[in-house]
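Assembly of the complex is requested from the two constituent chains, each provided in isolation within its own frame, with the hints serving as guidance.
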Amino acid sequence: MGRWVFAALVCAAALVFVPTPAAAQYLDPGASSVIVQIIIAGLIGVAAVLRLYWGRLKAFFASRRKPPAGAPSDQQDR
Amino acid sequence: MPGRVASSFRDPSGHVYDIGGRVFRTVRAPGRDDFEFVRSTGFLEGKVRSGQVLEAHLVPNELLGDVAPDACYVLEHPRLEFVSHPYEWSFWGLRAAALLTLELHRDALRHGISMSDASAYNVQFDGPNPVLIDYLSFRRYQDGELWAGHRQFCEQLLYPLLLTAYTGVPFNAMLRSHLSGIGASDLLALLPVLHRLSPRFLLHVGLPARLSRTRSRSTATTAEQLSHTKLPKTALLRILEAMHSWVGALRPHRRRTAWQTYADLNSYSEGERGEKARFVAEFVAASRPRTLWDLGCNTGDYSKVALEAGAGRVIGFETDQGALDAAFLRAEREKLRFLPLYQELLNPSPDQGWRQEERKGLQSRAQADAVLMLALIHHLAIANNVPLAEVVDWATSLAPAGVIEFVPKEDPMAAALLALRPDIFPDYTREAFLAALGERADLTSVREITGTGRLLVAYRRP
Chain Y
36 MGRWVFAALV CAAALVFVPT PAAAQYLDPG ASSVIVQIII AGLIGVAAVL RLYWGRLKAF
96 FASRRKPPAG APSDQQDR
Chain H
314 MPGRVASSFR DPSGHVYDIG GRVFRTVRAP GRDDFEFVRS TGFLEGKVRS GQVLEAHLVP
374 NELLGDVAPD ACYVLEHPRL EFVSHPYEWS FWGLRAAALL TLELHRDALR HGISMSDASA
434 YNVQFDGPNP VLIDYLSFRR YQDGELWAGH RQFCEQLLYP LLLTAYTGVP FNAMLRSHLS
494 GIGASDLLAL LPVLHRLSPR FLLHVGLPAR LSRTRSRSTA TTAEQLSHTK LPKTALLRIL
554 EAMHSWVGAL RPHRRRTAWQ TYADLNSYSE GERGEKARFV AEFVAASRPR TLWDLGCNTG
614 DYSKVALEAG AGRVIGFETD QGALDAAFLR AEREKLRFLP LYQELLNPSP DQGWRQEERK
674 GLQSRAQADA VLMLALIHHL AIANNVPLAE VVDWATSLAP AGVIEFVPKE DPMAAALLAL
734 RPDIFPDYTR EAFLAALGER ADLTSVREIT GTGRLLVAYR RP
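For the record, the sequence lines run as chains Y and H.
The numbering used here puts the first residue of the first sequence at 36, with every later residue one more than the last.
The numbering used here puts the first residue of the second sequence at 314, with every later residue one more than the last.
Honestly, the hints are just simulated from the structure, not real lab data.
Yeah, the Cβ is synthetic: ideal placement off N, Cα and C, and Gly gets one too.
Fair warning: there could be bad hints in the mix.
So these bits of chain Y aren't anywhere near chain H, every CB distance computed over 10 Å [unchecked claim]: (1) Leu62; (2) Gly65; (3) Ile70; (4) Val84; (5) Arg86; (6) Leu87; (7) Tyr88; (8) Arg91; (9) Ala97; (10) Ser98.
Mimicking SDA-like on lysine to any residue, the simulated pairs with C-alpha atoms at most 25 Å apart in a straight line are [said to hold, decoys possible]: (11) H:Lys546 to Y:Ile73; (12) H:Lys722 to H:Arg586; (13) H:Lys673 to H:Leu393; (14) H:Lys360 to H:Phe395; (15) H:Lys546 to Y:Val81; (16) H:Lys722 to H:Asp633; (17) H:Lys673 to H:Arg650; (18) H:Lys546 to Y:Phe95; (19) H:Lys673 to Y:Tyr61; (20) H:Lys546 to Y:Tyr88; (21) H:Lys546 to Y:Phe96; (22) H:Lys546 to Y:Tyr61; (23) H:Lys360 to Y:Tyr88; (24) H:Lys546 to H:Lys722; (25) H:Lys648 to H:Ala598; (26) H:Lys546 to Y:Ile70; (27) H:Lys546 to Y:Val84; (28) H:Lys546 to Y:Leu85; (29) H:Lys722 to H:Lys673; (30) H:Lys546 to H:Arg423; (31) H:Lys360 to Y:Leu62; (32) H:Lys546 to Y:Lys93; (33) H:Lys722 to H:Ser558; (34) H:Lys546 to H:Pro565; (35) H:Lys360 to Y:Tyr61; (36) H:Lys546 to Y:Leu87; (37) H:Lys648 to H:Arg423; (38) H:Lys546 to Y:Ala94; (39) H:Lys546 to Y:Gly77; (40) H:Lys546 to Y:Leu78.
One chain only, chain H, in its complex shape (with noise of 0.2 Å):
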């Protein structure tokens, strides 16, 4: 569908469409009474005024022309600078998500409003604040209903967070591949037994895992009967509070990780470290991007830095967990506008889903207006092997100006990394470095900012 965004198939009472740098989302039929029955409640506008709810507002249908001549309604939203994906984000941030789903369902429900499905997609995040997105999953309640979304917010937001609170393991290669979410029954095999005997536990977990296993021999009447079923509304509020009182005590089970002590460990004294702060300052309030990319963000130092410096919004991509967690708390804490993301730089977010269009990967999400690259280059170019030049080549493709740290064989961070093994990069030399970034760009500042010979250059392509 032209304009269509790939990932708006689902639900007919509505879909989103990507048109001349303008996001619009349309009413369908199936959807009108709903909408205009949310709308005469002027709940949204409430929960859009407090930042729950993502800004929508009535344009004309003649706006879609030709694309969408099935809407009874068109609405627009203000472009999201980036779109996360649920397997990117921090255990904070899918807990700040599940959290916000759960509150806006029971606020919702007090106006005489439900909603239509629970998933972990229709939250986006603006700095670490969850934002819903989607305005048609709200609609009217009908007497008795159930939640239906209790099993896709199961998969997508409990069961991912329970999987990391108890076992330690991060829930984020688990998600990335399955993006239904995770089922019940994977869910009970991979935790201790002493956490599957809460009655909580057992009634989320363990009684859906076990029925999902005879699903296949009940009948059809059954499934007749359950379509059915009333659940009364003092209940449906009850179920959702409980399970916001249990998502609310969730922790990440962690051990203390390599590198969320990294800036009381590293090689730079706090004269060389104060440079490199001002190093970044002065980029970023010369070159003042909207949106920048913290490669490598560790818990967030110079992305505050750049903030302060002027910068719009700063989204950064880290592996280690324990500084992800620790960014993402200091975004909240801080009222940074700072969003922390899960991303392996060796293995970034494909292009996945349905058609392989439907989430789309990290590079085809990258239109930031710069990039830091702040001691990561030793990581990619000595201990994953990647070609010098491919590194800077990738790290330039990603916005038009930005700053990379090269740091020196002769820095014990990276002399660490050659301890045990030969080393076979004759190639990674700062004059390599120079050379290959000034092919693909301008150098705009070179500075060298300690005394092992590490050297900042910020750079702006032609």
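Just chain Y, same shape as in the assembly (with noise of 0.2 Å):
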């Protein structure tokens, strides 16, 4: 789980347009191509967090559901 939060937090983290000295290199990646990564890299983090949270939530109902452990059972009690 702490892999799925950690990609949300800085896949989410690509939607901000961040300032650094552009890596040599001497191919144009072509903007299209930038803003494509840009949006897959939201969709990773948009996923990320989904998960996270359908987690949560089955985890939640999972444990209303089942009884506590070493509680007796319905069987055993009659």
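Take a look at the structure:
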């Protein structure tokens, strides 16, 4: 889960335009390619967040349904 | 530039030189720090051992003399026996090159290294195995850097594969005329609507196509902002991994082609096929070619025979995509040093690119030690009207020795070519063939191998 939280945080950061010195490169990546990569990074971030909350939601319902460990079952009562 | 390989001019980090039959790569000042860093990680040594990157070792700068006075380092690569171009590769070859590029980039990132490009032209083949030849593609990873080669990867590798996978149209002709690759808009226009709807297609093809139409309206400010955009490493790795699984799942969309079942549908009997294989094996055993060209290699039956008889490597040429696919997969499966390439022999790859020197044509790369031209002569001389003597002249110009199979008009395969047209080939005879070949080379062995008069002739130029 920690991995996903980390991924969510760093990918969300990708949506922010941060000025950095451009790395030495001879190839023009093309504006469309840069935009595509930003969008993908954003989507990965959104997916990670959704996964995180989906996991929490499942855990929440699972904890409500499951009897606490060690509690006697209905069968044993009879 | 004297000695500099004509295609080596884009990256200022270094250049490739071909001097006295040896291949050198210089590292210039703009690439020095990156080269030293990459070297210090030991990453490339591991990739050379696994065969994914071409071997190179440092040599004294003086070896290049005055040719490259600006070199900080000089590397020497082993000479490639044959340089092939992406537009000559089979679908499976291009796919293998794409997967290699992605795997190297992914593995490099784990060593703090990135790749500055993703050119298909940086990949060459040893048999069916792709190998990256450009050491200077590897740079120190800068925190937050983008995948600089994304567009190049898409246009030179992904889009051609998608074209063939989704429409069945071979990418070769389009890639041959667009050396920088197929544009997103062109690909989009060619694909069925159904394929345009998947999310990854929308992202990597639909969106770039759309943006390329509106790019002219974007302001300089937007471009400036984009140039400073950061991409987290985890996101970059995920993009590479997702691309790898997409490319890995692609298959050519093809119906059965005319020639891929040739081995089962030809006019030979089992015994005659064996006789032909024996003849080829004897020729190869006697001439021991290091590189042999198999013209019209089909699925590679006789390329395999030649390799087993002692040929160092075989480069096959074939037009039929189904046969080409089968040949490449066979070479992979049976671990043959056999590279089948798409080549229309009536219109072979030309010298092209910058100054028409950047990508050499087939004739300029003809350095084979021997050629096989089996069951091809009637397709050139009858189906395509090339005068018989010219076919012989061309075949004997490619290598100093070879085997040519003459298919007489009486043979069912040649007769089929004449079934619907008048016979305008009075000079297409066994005697004329032998005379034309005899004028250009010594005939070292002549054998009739079928009841229909098919003739195998081994020759050597004086």
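Hint check results:
no.	hint	in the structure
1	Leu62	violated (5 Å)
2	Gly65	violated (4 Å)
3	Ile70	violated (6 Å)
4	Val84	holds (14 Å)
5	Arg86	holds (13 Å)
6	Leu87	holds (15 Å)
7	Tyr88	holds (19 Å)
8	Arg91	holds (21 Å)
9	Ala97	holds (28 Å)
10	Ser98	holds (30 Å)
11	H:Lys546 to Y:Ile73	holds (12 Å)
12	H:Lys722 to H:Arg586	holds (19 Å)
13	H:Lys673 to H:Leu393	holds (14 Å)
14	H:Lys360 to H:Phe395	holds (21 Å)
15	H:Lys546 to Y:Val81	holds (16 Å)
16	H:Lys722 to H:Asp633	holds (23 Å)
17	H:Lys673 to H:Arg650	holds (22 Å)
18	H:Lys546 to Y:Phe95	violated (32 Å)
19	H:Lys673 to Y:Tyr61	holds (24 Å)
20	H:Lys546 to Y:Tyr88	holds (23 Å)
21	H:Lys546 to Y:Phe96	violated (34 Å)
22	H:Lys546 to Y:Tyr61	holds (21 Å)
23	H:Lys360 to Y:Tyr88	violated (41 Å)
24	H:Lys546 to H:Lys722	violated (65 Å)
25	H:Lys648 to H:Ala598	holds (20 Å)
26	H:Lys546 to Y:Ile70	holds (16 Å)
27	H:Lys546 to Y:Val84	holds (18 Å)
28	H:Lys546 to Y:Leu85	holds (20 Å)
29	H:Lys722 to H:Lys673	violated (36 Å)
30	H:Lys546 to H:Arg423	holds (10 Å)
31	H:Lys360 to Y:Leu62	holds (24 Å)
32	H:Lys546 to Y:Lys93	violated (30 Å)
33	H:Lys722 to H:Ser558	violated (50 Å)
34	H:Lys546 to H:Pro565	violated (32 Å)
35	H:Lys360 to Y:Tyr61	holds (24 Å)
36	H:Lys546 to Y:Leu87	holds (20 Å)
37	H:Lys648 to H:Arg423	violated (30 Å)
38	H:Lys546 to Y:Ala94	violated (30 Å)
39	H:Lys546 to Y:Gly77	holds (13 Å)
40	H:Lys546 to Y:Leu78	holds (15 Å)
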